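A.B. asks: Letter by letter, the chains look like this.
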Amino acid sequence: MEKTFDRRTDLSKYDNSWYQPGSRSKRFLWFIFGRIFINTYLPVPIRIKVSLLKLFGARLGKNITIKPKVNIKYPWFLTVEDNAWIGENVWIDNLTNISIGKNVCLSQGVLLLTGNHDYSSTGFDLIVKPIVLEEGVWIGAKSIVGPGVTAHSHAVLAVNSVATKNLDAFGIYRGNPAEFVKTRVFKK
Amino acid sequence: MEKTFDRRTDLSKYDNSWYQPGSRSKRFLWFIFGRIFINTYLPVPIRIKVSLLKLFGARLGKNITIKPKVNIKYPWFLTVEDNAWIGENVWIDNLTNISIGKNVCLSQGVLLLTGNHDYSSTGFDLIVKPIVLEEGVWIGAKSIVGPGVTAHSHAVLAVNSVATKNLDAFGIYRGNPAEFVKTRVFKK
Amino acid sequence: MEKTFDRRTDLSKYDNSWYQPGSRSKRFLWFIFGRIFINTYLPVPIRIKVSLLKLFGARLGKNITIKPKVNIKYPWFLTVEDNAWIGENVWIDNLTNISIGKNVCLSQGVLLLTGNHDYSSTGFDLIVKPIVLEEGVWIGAKSIVGPGVTAHSHAVLAVNSVATKNLDAFGIYRGNPAEFVKTRVFKK
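Chain order of the listed sequences is Z, A and V. Counted the way the working numbering counts, the first sequence spans residues 1 to 188. Counted the way the working numbering counts, the second sequence spans residues 1 to 188. Counted the way the working numbering counts, the third sequence spans residues 1 to 188.
None of these hints come from the bench; they were simulated from the model. Possibly wrong hints are sitting among the right ones.
Any copy will do: because identical chains look the same in the list, a pair fits if it lies in one copy or spans two.
Each computed DSS-like pair below joins lysine-lysine, with the alpha-carbon atoms no more than 30 angstroms apart [stated by the list, open to error]:
1) 26 / 187
2) 69 / 182
3) 129 / 187
4) 26 / 67
5) 54 / 129
6) 69 / 187
7) 62 / 188
8) 188 / 54
9) 54 / 182
10) 188 / 69
11) 67 / 129
12) 129 / 26
Note that the structure is predicted; figures quoted are calculated from it, not measured.
Model the full assembly from the supplied sequences, consistent with the hints where possible.
C.D. replies: What follows is the structure, encoded as structure tokens:
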């Protein structure tokens, strides 16, 4: 074994005891109710979805669209403002706060990822960082937004791309990792 | 705020009233039956899947394979020709016509995407365009074919790629956006 | 039609009769039990998941984590060593052996793909090749490991990437196809 490589991952030492996302009973209840009413293909009325999410602590604006089969980790870490769309099969993996601004569109299959691991630590330390999607942002189908990313006003992330850094306002990004392609200009 | 950026997305103005994909009752019935018999891991016999899809208006050839957990938006916008394979977890998001030719293979997790939005309009106008996959095309696992794309005869799209433009006949493509890699040559 | 293109895919000639992954009854039973206890969002205790997988022939070490909604093709082709993590929505599509070493982490949505097709044969011949993930490897969220790939000790594959070739020990890879980015160095 080479000298530089004498340390190794040991997941038996993994310690995320500092991470306290909420009481066990609350999480268990959400796990059950979320699966039944939100992460489902049953045609649950939006009014019921919104009420349930608010009951579990989500801060939701008016006129929100939530399509079928949406997977939300912890609603009490979720803010969604007016007119935002959450598409089919979207996965909001919010170990910490995710803020979705007014008129944001998350297309089908989007993954918002707040968790990471420190791969330079043998204990594979958990890292959690919030995500902020400002007003008018569009995250394309099957795209992924990583931990700590802020997508500024009206940024666009193209289909199947990965945002690992902040996206500038009115910027259109694509690829893995996502790179700036051009500016979003409104014509009408 | 810069002058060019004085317009903003307003999803409360979103108007897709021109888009009429079929009667409410038909869509509701399909939503229920599709979930029970097609978008499921239950081992439903292919004969039943085919009959149900035809009942809802799909045009299906002979000897078609439909694996478990296939998500089809509207079967009445779907044509599948002889011997085609539709893999596990394939998502046919056909807001308009999708045509799948003879001997086409859609590998597991493929997404066919007919819908888009005009991000230069404040109303985020809906755009729908058909997809044509000609004879012998192979779409690799977890790849995405975008609106308006025609994949010509025997084109191949590699795993996890995104086709945003037409694919030439017998061309092999990869990446996001997919680019030509080499020509498909049959040896036997 | 050009001369070089006079051969075409004919899936009616597809012949995978040489591929014998186990008796029909065993596969059917696994299909049912796997869906109920493993490929589910129900909070099934890990002890039950492990026992069931072992009953179906998986070789599992100690202290393994299996998150909800894991899709395993055939447990009798699966080896998982101590402390390994299998994340939510991971898809282990093991038509043949997959070996997951000690302290390996498969993040959410990973796809391990052992099957391929010979696109140069008109019969679209099935190709299956094993996957080996050595000790300490981390496969990032929604990434894909292809047939025949060995990820050597402590290699890292970044989010949404595709490994089509072997990954060197302690190498960090990203993209589609995944390319070497830098070396993984442990600091603590």
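A.B. asks: Among the hints numbered above, which are violated by the structure, and what are their numbers in rising order?
C.D. replies: When the structure is compared with the hints, numbers 1, 2, 6, 8, 9 and 10 turn out to be violated.
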